[in-house]
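Q: Residues in the sequence shown are numbered from 1386 upward in steps of one, following my numbering.
Be a bit skeptical, because a hint or two may be false.
What the hints assert, rightly or not - Mimicking SDA-like on lysine to any residue, the simulated pairs with C-alpha atoms at most 25 Å apart in a straight line are:
no., residue 1, residue 2
1, 1594, 1557
2, 1754, 1612
3, 1754, 1533
4, 1798, 1533
5, 1754, 1557
6, 1616, 1603
7, 1756, 1557
8, 1754, 1432
9, 1831, 1454
10, 1616, 1469
11, 1460, 1831
12, 1798, 1747
13, 1756, 1624
14, 1455, 1756
15, 1594, 1634
16, 1754, 1417
Said to hold, decoys possible - Ranges between beta-carbon positions, derived for each pair:
no., residue 1, residue 2, range
17, 1779, 1710, 35 to 43 Å
18, 1826, 1602, 52 to 60 Å
19, 1526, 1602, 21 to 29 Å
20, 1826, 1559, 30 to 38 Å
21, 1830, 1456, 53 to 61 Å
22, 1552, 1710, 39 to 47 Å
23, 1783, 1476, 41 to 49 Å
24, 1428, 1594, 30 to 38 Å
25, 1459, 1795, 27 to 35 Å
26, 1798, 1836, 27 to 35 Å
27, 1826, 1465, 51 to 59 Å
By construction, these hints were calculated from the structure, which means they are not laboratory data. Bear in mind that the values here come from a model prediction, so they are computed numbers and not experimental data. Heads up, the beta-carbon is just placed ideally off N, CA and C, and yes, glycines get one too.
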Amino acid sequence: MSILLKRPAPRRDVLRGMLGGAAVSVGLPFLDCFLNANGTAQASGAPIPVRFGTWYWGCGHTPGHDVAAKAATGKGIKFLEECAPLQAYESHINYFGGFNTPLDGKSNYVHHSGWVASRTGTAPANTGEVPAPTLDVLIADAKGSGTRFRVLDINSMGNPRITYSARSTYARATAEAAPLSFYSRIFGPDFVDPNKADFKPDPALMVRKSVLSAVLDESKRFQGVVGAADKQRLDEYFTSIRQLEGQLDLQLQKPAPNQACVPMTFDGIAGSNDELAGQSFAQVEAVAESHKVMMQILTMALACNQTNMFNVVYSDAFSGLRRKGDANNHHTLTHEEETDPKLGYQPMAFWFNCQNMLGAAAFLEAFTKFKEGDGTLLDNCLVFANSESSYARYHGVNNLPMFTFGKAGGRIKTGYHVVGNGDPCTRVGFTAMRVMGLPVDRWGTKSLETSKPITEIMT
């Protein structure tokens, strides 16, 4: 008597098919059959990749209402009302408070100096200048090869020109700014048709017919060689793709006319010409929905090994977020709204800060929901999240809000409140580079230079 044993499924990146005469592809996550018995590494012995990303929001926090101060670095983060949405994810977060951003006599170029100094290690000499590569570029240069996309840049406000990733002043990243185009980029072909070089899949057709229909036969064959747990995982994964396509299909419907909707201008807004040209004005509700859908796509791209590097902008530095029915945007309110004498802060500006933290919580939810090996996708990520102002009303750059999300595959401890005691903010970015394996012994210039990683959170 002979027994036929199923051969283990080979590691493969995508299922491929044709839809409407164009090639499409559906990536596959790390299934059990691709991993070792413990779900901690690939079957070949190679570790599950550690991904690096950034998450940015504009106009900082409301002092005294974000995170409670702490006397010394230690386990435990007390999130106050503005950051309350992050409480459920405390075990995945590190918070960095009390770090300074010395500018070495240079002017504080509002809504610019803070993010540039914290991400490049050098204070800019004028508005709009990016004097050195941002830390994500340095990490991508060292670790970004070997995947279909070297890096994915995303702007949730719908403006591709606003990013906080740059190699220099004149070499800033361009972002994906619409969920539908981002979807077609991830699921579209990774080659040029030799017969029709400009022929690309129609995203509307892809969404309405579903890319899954194009790879149906191949997916059935693949499911025939995996175990019961992987079959269930694939079913959940394919279901989530179809649900995503249902959300995108709604965006293809023509909205009802709205005569009250008029374009806004940039009159009276301070900033560099490049920043003004790219200024966004977007309703909070639309940004939150766009961000939610784009994070679904991003987590699929990461889990399916399409990229290991990403940058996300939730709201821009000159925050153009506005509330439905109100012409005032977030940035304007930080300067013009009166402080409520009973509350001790600007209530509407505070409300917008809360919305930004709801966006951060939505990001964390998307990454923790995606299971990978014996943990979650977030467990295998390191995300540097920050803003350019400590308090937007006064354009403060000391005590800039900074977090890290994720355990970096076990390379970093989480749930810590790290107290900076006035040290340069670059210690956080330097630590991120060391955790990601960059062979650097120092980073930054002048007073921002540091050679001290934050060892309390490193394993």
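Q: Checking each numbered hint in turn, tell me which of them this model violates, lowest number first.
A: 1, 4, 5, 7, 9, 10, 11, 14, 17, 19, 21, 23, 25, 26, 27
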